[in-house]
Structure formats: C-alpha cells, structure tokens
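Protein chains: 2
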Amino acid sequence: MSTDWIDKVCWGENGLIPAIAQDATSGVVLMVAWMNREALLETVDSSRAVYWSRSRSQLWRKGEESGHVQRVKEVFIDCDGDVVLLKVDQAGGIACHTGRANCFFRKLEAGDWIVTQPVLVEPNQIYAKS
Amino acid sequence: MSTDWIDKVCWGENGLIPAIAQDATSGVVLMVAWMNREALLETVDSSRAVYWSRSRSQLWRKGEESGHVQRVKEVFIDCDGDVVLLKVDQAGGIACHTGRANCFFRKLEAGDWIVTQPVLVEPNQIYAKS
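Sequence lines, in order, name chains R and V.
Mapping of the first sequence onto the working numbering: residues 80 to 209, in sequence order.
Mapping of the second sequence onto the working numbering: residues 80 to 209, in sequence order.
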C-alpha cells in the first residue's frame, strides 16, 4: 500500500496532531490523544490505535497495559489535514484510564464540572498487572 | 454563575486546548478547533461556539461570516482537563469552510485520502458577504 497519504498530514510544530477516537457503533467520543508520524503509520498498519504519549515521550499502544485495545475500523482526516478521527471498537467498553467508558465524563453544569459517568472498573484492577 | 470551573482547565503551553464540536442529535463529529480561556468563557456565556483562530490570532465566533453558527447544548471536559467536547446544533447543517457537512470528509482507503462527502454549498456562496 502506498504511504503517500502520510505526507499529506500537516503535523504541528511539535510533530504531533490530535487524534479523536470515536466509537464506531454508538458515535460516542471516547477520547482524544496525540499522534506523531510513527504512531499514525503503526495505527494504520496494525488497525489498532497507537498514540504518542507526551508525558512518557514514547509510543503508546492503547490497551498495552489495560487490555482496552481500540480496533480501528475507519480513519478520517479533517479539511486542514491536522486532526485525525478514528472510528474504533473499544475493547472492554472502557476507554478512560479512570475506568470509565470514555474520557468526557465531566459536564459543565451551574458553574462546575459534574461527573456524569460511573467508574466501571477500578483503575487498580485495570492496571494491577503493571 | 461561578467561574471556578475555568481554572480547572489545563491549558497547553500556548494557552490553547483542542475543542471538538459534535452534533448534539446525530453524534457526528463536526470539527475540531482551538480555544483559549477567553474563547471558552465566551462560549459558555453565549451558548455559542467561540474558538481561537491560530491563523488570524483572534477570537473566531463560529459562523460570524458564514452564518453557520453552533448553538452549544452541552459542554464536557476530558479526564485530563485538556480537551473540550461541545455538543452543538449546527446552523445550516454545514460545519466546514469547504461547504461540507463536517470537516472529516476524507477517509483513508487503499493508501489515499478519499473525499466521502459532497459540497453542499460552494464556499464562494457561503463567504460572498466578506
């Protein structure tokens, strides 16, 4: 498969772009993380979401510790070529490191961020292996 | 209304965070833009999406030229406090400056980005006023 497509991505000054993971079935926005060129290439090659961890400065194969892998069904890019949208199947139904279904669990209501989702599995159960 | 919530946002080094606009009804991801503190405050205050234009270095009241305003129904923030998700009603059914329904109209297929959405209104019709 040609990789000309990767050269059409407009990487930011830091070599990164935001990547949205959206549930391929429900349309729920699961999370946003960052990708560099290597992460996006591996994502497409493996059909599994791979991000760049800014805090650890290394590739982050989503689910490598938690098992909460994201199988990538479709990959889109926006009009400016600087944001990627992945449609994924989320293993375990948990995308967030807090043990919630997705990362957007805080909603602004009456001047504060209110938690709107339960913890499905406690993080110390998810990451017990590591 | 208290504004303590704004101090819980984790702005990037450049004072910006990504903001996703998602159609409140269909769940379609419409676009991603950037917000600074002022943009998010005005978004919440006006219930209308206001971004920070990095290219113009000024506030961008979405729809100010095109009329394609985004009415904000709900505001979420992610676990790390550094990405905002807006659920919006998209005026005119067109979020993208190319005249398409949303900005994620290019899909990766067989090694290239394929356009998957029609232009609903030609940009020179949308921006004729300016």
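The hints are simulated quantities; they were obtained by calculation from the structure and are not laboratory data.
Hints are not guaranteed to be accurate.
Cut-off 30 Å, straight-line C-alpha distance, at most; resulting in silico cross-link-like pairs (DSSO-like, lysine-lysine) [claimed, not checked]:
(1) Lys152(R) to Lys87(V)
(2) Lys87(R) to Lys152(V)
(3) Lys186(R) to Lys152(V)
Listing some non-contacts, in silico: residues in chain V with all C-beta distances to chain R over 12 Å [said to hold, decoys possible]:
(4) Ala112
(5) Arg116
(6) Glu117
(7) Glu144
(8) Lys166
This structure is a prediction, so every number in the text was calculated from the model and none was measured.
A virtual CB, placed ideally from N, CA and C, is assigned to each residue, including glycine.
These are the hints, each one checked on the structure:
no.: 1; hint: Lys152(R) to Lys87(V); result: violated, 34 Å
no.: 2; hint: Lys87(R) to Lys152(V); result: violated, 34 Å
no.: 3; hint: Lys186(R) to Lys152(V); result: holds, 11 Å
no.: 4; hint: Ala112; result: violated, 9 Å
no.: 5; hint: Arg116; result: holds, 14 Å
no.: 6; hint: Glu117; result: holds, 16 Å
no.: 7; hint: Glu144; result: holds, 16 Å
no.: 8; hint: Lys166; result: violated, 10 Å
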